[in-house]
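Chemist: One-letter residues, chain by chain:
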Amino acid sequence: MTAAVEGSPPLRMTRARRNALLQSEPVQGLALISPTFFYALILLVLPILVVIAHSFWTQHYLTIDRTFTLENYRVALTEPIYRDLLWRSLYISLTVSLFTVILAYPIAYFISFHGGRHKSLWLFLITIPFWTSYLLRVMSWKVILGYNGVLNSGLMGLGIIDEPSTALLYNTSAVIITLTHAWAAFAILPIFVSLEKVDRTLVEAATDLGDGPLRSFLRVTLPLSAPGVISAALIVMIPTVGDYVTPKLVGGKDGVMIANAIQAQFGKAANWPLGAALSVTTMLIVTLMAGATVLIIRALQRLAR
Amino acid sequence: MRARRFLPGGWLSAYAFLYIVFLYLPVIFLPIFSINTAPTPKFPLAGYTLKWYEDLPNTPALLDAAWNSLVVGVSASVLATVLGILAARSITRYRYPGRRTINGLIMAPLVLPEVIVAISMLLVMLQLGLSLSLFTVVLGHVLVCIPYSMTVLTSGFEGFDRSLEEASADLGESAFGTFRRVTLPMVAPAIISSLLVCFTISLDEFIIAFFLTGTEATLPIYIWGQLRFASKLPGVLALGTLLLVASFLLMTIAEILRRRAARRTQNEGGLYA
Amino acid sequence: MPEQLQRSMIEIKNVTRSYGAFKALDDASLTIREGEFFSLLGPSGCGKTTLLRMIAGFDNPTSGSIAVGGQPMEGIPANRRPTNMVFQSYAIFPHLNVEQNVAYGLKRLKLQGGEEKRRVEEALAQVSLTGLGKRLATELSGGQRQRVALARALVMRPKVLLLDEPLSALDKKLREQMQVELRRLQQAVGITFVLVTHDQYEALAMSDRIAVMFGGRIAQVASPKEIYQRPVNRQVADFLGGMNFVKAEIVEENGATLVVDTLGFGRVKTDKPKAFVRNGGGATLGIRPERLRVLWDNATAKFEVAGKVVERHYFGEITHLIVEIPGLEKPLSVTETNDFGADDIPVGTSVRLAYDPEALVAMAD
Chain A
1 MTAAVEGSPP LRMTRARRNA LLQSEPVQGL ALISPTFFYA LILLVLPILV VIAHSFWTQH
61 YLTIDRTFTL ENYRVALTEP IYRDLLWRSL YISLTVSLFT VILAYPIAYF ISFHGGRHKS
121 LWLFLITIPF WTSYLLRVMS WKVILGYNGV LNSGLMGLGI IDEPSTALLY NTSAVIITLT
181 HAWAAFAILP IFVSLEKVDR TLVEAATDLG DGPLRSFLRV TLPLSAPGVI SAALIVMIPT
241 VGDYVTPKLV GGKDGVMIAN AIQAQFGKAA NWPLGAALSV TTMLIVTLMA GATVLIIRAL
301 QRLAR
Chain B
1 MRARRFLPGG WLSAYAFLYI VFLYLPVIFL PIFSINTAPT PKFPLAGYTL KWYEDLPNTP
61 ALLDAAWNSL VVGVSASVLA TVLGILAARS ITRYRYPGRR TINGLIMAPL VLPEVIVAIS
121 MLLVMLQLGL SLSLFTVVLG HVLVCIPYSM TVLTSGFEGF DRSLEEASAD LGESAFGTFR
181 RVTLPMVAPA IISSLLVCFT ISLDEFIIAF FLTGTEATLP IYIWGQLRFA SKLPGVLALG
241 TLLLVASFLL MTIAEILRRR AARRTQNEGG LYA
Chain C
1 MPEQLQRSMI EIKNVTRSYG AFKALDDASL TIREGEFFSL LGPSGCGKTT LLRMIAGFDN
61 PTSGSIAVGG QPMEGIPANR RPTNMVFQSY AIFPHLNVEQ NVAYGLKRLK LQGGEEKRRV
121 EEALAQVSLT GLGKRLATEL SGGQRQRVAL ARALVMRPKV LLLDEPLSAL DKKLREQMQV
181 ELRRLQQAVG ITFVLVTHDQ YEALAMSDRI AVMFGGRIAQ VASPKEIYQR PVNRQVADFL
241 GGMNFVKAEI VEENGATLVV DTLGFGRVKT DKPKAFVRNG GGATLGIRPE RLRVLWDNAT
301 AKFEVAGKVV ERHYFGEITH LIVEIPGLEK PLSVTETNDF GADDIPVGTS VRLAYDPEAL
361 VAMAD
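Chains as they are written, first to last, in our numbering: chain A, 1 to 305; chain B, 1 to 273; chain C, 1 to 365.
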């Protein structure tokens, strides 16, 4: 096949050398991926670097003072309002990841071990709600949990409560329920993939060596699916910590999270550097938390033997 | 002999059933209350009506938003798919240093908090003096669509036996001819699937559009604006239902095509994998 | 035929292909003649596939040159070379049916009238696939896919047909059947076939000539019979099947003959191989197990060695006997067909083995 399709270098080289260079895998591969790579570099990496830079600057009304300062981080970490928001965001995202993983594991197990010929249909069924608008799913929880909502009117209709409960909506629990629902599908996929990789003869070998169903599950299947559990936990934990829509729609005053504060700094409050510092702090803390989660799951995995 | 497994299938089936209910139930309420005569979503239902749907075409702001969403969705899906094709082809066909790192970077928007991605881009765009518009929304949507496009395309390209293209060249076909007669027909379903997935994501995406748009609203932004008014809820429910149906249809078609593409490229004699 | 066989079709001159420090092919030179069935035989990684792909134009030599039909191939891309290939994976286009696959290359030629259809039919008939033209590639068996790949290449009427391990994906029985068919087909169409294989029986059964390759180098090029009976070194001898090796001392070396002393076979005078290069005073003498025969009862032979059976392995149509010979460090392995009761010789029996000195091959150490 001709190499000329991949574009030719401006330098005049001998044919052999040019062919060798153009036909080398690394050059062709990198050339092909470079547009996408640069897109991500310019619209993701560069912006994040700009955010980090801003977090060390100061805002004076409409101008930005570019003298290096740690003041924003002091505010982000010590001001009670931001500290509380950070803690609450971490608490919510940790709880949500725990719930989603625990709820998702049996489903992933069911599809992988009992799904039979319908595995892909099951997966499709489970991922479909995820593809519908996130905003709409959060909105439907508002409809369910609201004062005049489905749950209240339903419970009243059944005579279980006399007047609508206000405890359902506008609090941390509402945020946790909504997020757990929203991220359910995301947790199932990685766990399913890692369960699929568990060689079925290993389970049989454990049984053959005298383990009962529970013991072979705890000693073979569960530890071998730990990588899936780890990615499921991370894939839920990191994005949820910065969730904006859910706390705004169903969180009320008690359910406000750090993203709402970040947004405020870029909006009404117009303090970009503080917003940037809050973003960076959130990312750092969630990274630490993610790292800790990985270590804990790995430790549990070792214990299982 | 088949080893007995932890947790009997019966209990698991029951759990799976409940789980599906948990996944679908909240979403089902949107269409249910969109045909309810009462403006507040509560049981028992007051009566059946289609008036909320009939009102939709008479709302100019909504029509504008729908048009904007269409423009953004089409542009973002085409751009993201083109970039996705290049990257997926490179990842599945070539081996080179830094491949995993680059792949990780391209896939990163999938796991980063959207607010932070949106705000970072906002900062850069403002610094560059780009005025916020649908164009900036497209730029943002392309970034978040690429990982999904990559996933769909990689599954279509993987197992694509390289010797198929060599066979074409061997039989006298030029590089372009090979692309047109072999490569394209084989990966076309995956490409269409990627376009549909990206369009769906763009259609439903809120946060990035919210931060990066100027004065023009997309459908989710329009819905967000309407949520403040309790009286507008039924209209929003009707619109939401239409969006749900659109997403559902697009994703179903995309999935069918993706599977067809994957089946096609898994050439049985292929030893390349 | 013999005159035609003299003309060369492919000239490979000092071809080297290196990947960094690794040389996949190291200074290989080879002439493949017009109309012959030529095999590149060797273990995986010996460079045979690299060489084939360079003839096809999928890879380029780092140095050296390749000419096909007298035309230098440098700078000519695969799609403009007079060669066609049958791929190891067959590379049947899964989105096209059998006919469309076979007609794939013809489409570009824009043939007039029913010519394209006629040639497709002809090619399908050549590989006994008549009537299956409308089948989808995915509906074919392994053997049928292989036939489609053959038809698709042959329909182009190439000067050279390249076959990259075409039989390796088939089961044993089908493989043996296809060996015969391929050979027949090649003789019918008269096109030069170049086959890459790691299976020595395949190469022996099908080829006019074989090049045996190891580690990027061509070790020997000769007819199957010569390769098998007169291997140039132990590596080639080993790769083509079992051989007994006996240490020998060179007593006399002149022109075309070699006289050596061995412990088991005494003083032996043999033909000196063309490629023989003396390395000190030692040499190795080899003899294939089937060239040793057990002498029954009081039968005698001009040349014989005596020993004792220490192991017996039954293989259905043949039996392998392991016979210890006094003075030899390794016992000899003997293959006997089972028509005279070799499968009944008890372990421990003393036997005499007859051999023909012609069957002894001298190899440099």
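Because the hints were derived from the structure by calculation, they are not lab data. Hints may be right or wrong, so weigh each one.
What the hints assert, rightly or not - Cut-off 30 Å, straight-line C-alpha distance, at most; resulting in silico cross-link-like pairs (BS3-like, lysine-lysine):
#: 1; chain 1: A; residue 1: Lys197; chain 2: B; residue 2: Lys232
#: 2; chain 1: C; residue 1: Lys107; chain 2: C; residue 2: Lys134
#: 3; chain 1: A; residue 1: Lys268; chain 2: A; residue 2: Lys253
#: 4; chain 1: B; residue 1: Lys232; chain 2: A; residue 2: Lys268
#: 5; chain 1: B; residue 1: Lys51; chain 2: A; residue 2: Lys197
#: 6; chain 1: A; residue 1: Lys268; chain 2: A; residue 2: Lys248
#: 7; chain 1: A; residue 1: Lys253; chain 2: B; residue 2: Lys51
#: 8; chain 1: A; residue 1: Lys119; chain 2: A; residue 2: Lys268
#: 9; chain 1: C; residue 1: Lys159; chain 2: C; residue 2: Lys247
#: 10; chain 1: A; residue 1: Lys142; chain 2: A; residue 2: Lys253
#: 11; chain 1: B; residue 1: Lys232; chain 2: A; residue 2: Lys248
To be verified - What follows is a set of in silico ranges between Cβ atoms, one per label pair, in the way DEER data are often shown:
#: 12; chain 1: B; residue 1: Leu105; chain 2: A; residue 2: Ala292; range: 16 to 26 Å
#: 13; chain 1: B; residue 1: Gly10; chain 2: A; residue 2: Leu158; range: 47 to 57 Å
#: 14; chain 1: A; residue 1: Ser24; chain 2: B; residue 2: Val74; range: 48 to 58 Å
#: 15; chain 1: B; residue 1: Leu70; chain 2: C; residue 2: Ser128; range: 26 to 36 Å
#: 16; chain 1: A; residue 1: Asp162; chain 2: B; residue 2: Gln127; range: 55 to 65 Å
#: 17; chain 1: B; residue 1: Ile32; chain 2: A; residue 2: Thr67; range: 21 to 31 Å
#: 18; chain 1: B; residue 1: Glu158; chain 2: C; residue 2: Arg108; range: 23 to 33 Å
#: 19; chain 1: A; residue 1: Leu158; chain 2: C; residue 2: Glu139; range: 57 to 67 Å
We put the CB at the ideal spot given by N, CA and C, even for glycine.
Chemist: Each hint: holds or not?
Modeler: Hint-by-hint comparison with the structure:
no. : hint                                 : in the structure
1   : Lys197(A) with Lys232(B)             : 49 Å, violated
2   : Lys107(C) with Lys134(C)             : 17 Å, holds
3   : Lys268(A) with Lys253(A)             : 18 Å, holds
4   : Lys232(B) with Lys268(A)             : 26 Å, holds
5   : Lys51(B) with Lys197(A)              : 52 Å, violated
6   : Lys268(A) with Lys248(A)             : 15 Å, holds
7   : Lys253(A) with Lys51(B)              : 35 Å, violated
8   : Lys119(A) with Lys268(A)             : 49 Å, violated
9   : Lys159(C) with Lys247(C)             : 46 Å, violated
10  : Lys142(A) with Lys253(A)             : 15 Å, holds
11  : Lys232(B) with Lys248(A)             : 18 Å, holds
12  : Leu105(B) with Ala292(A): 16 to 26 Å : 24 Å, holds
13  : Gly10(B) with Leu158(A): 47 to 57 Å  : 29 Å, violated
14  : Ser24(A) with Val74(B): 48 to 58 Å   : 37 Å, violated
15  : Leu70(B) with Ser128(C): 26 to 36 Å  : 56 Å, violated
16  : Asp162(A) with Gln127(B): 55 to 65 Å : 57 Å, holds
17  : Ile32(B) with Thr67(A): 21 to 31 Å   : 58 Å, violated
18  : Glu158(B) with Arg108(C): 23 to 33 Å : 29 Å, holds
19  : Leu158(A) with Glu139(C): 57 to 67 Å : 59 Å, holds
This entry does not satisfy hints 1, 5, 7, 8, 9, 13, 14, 15, 17, going by the numbered hints stated previously.
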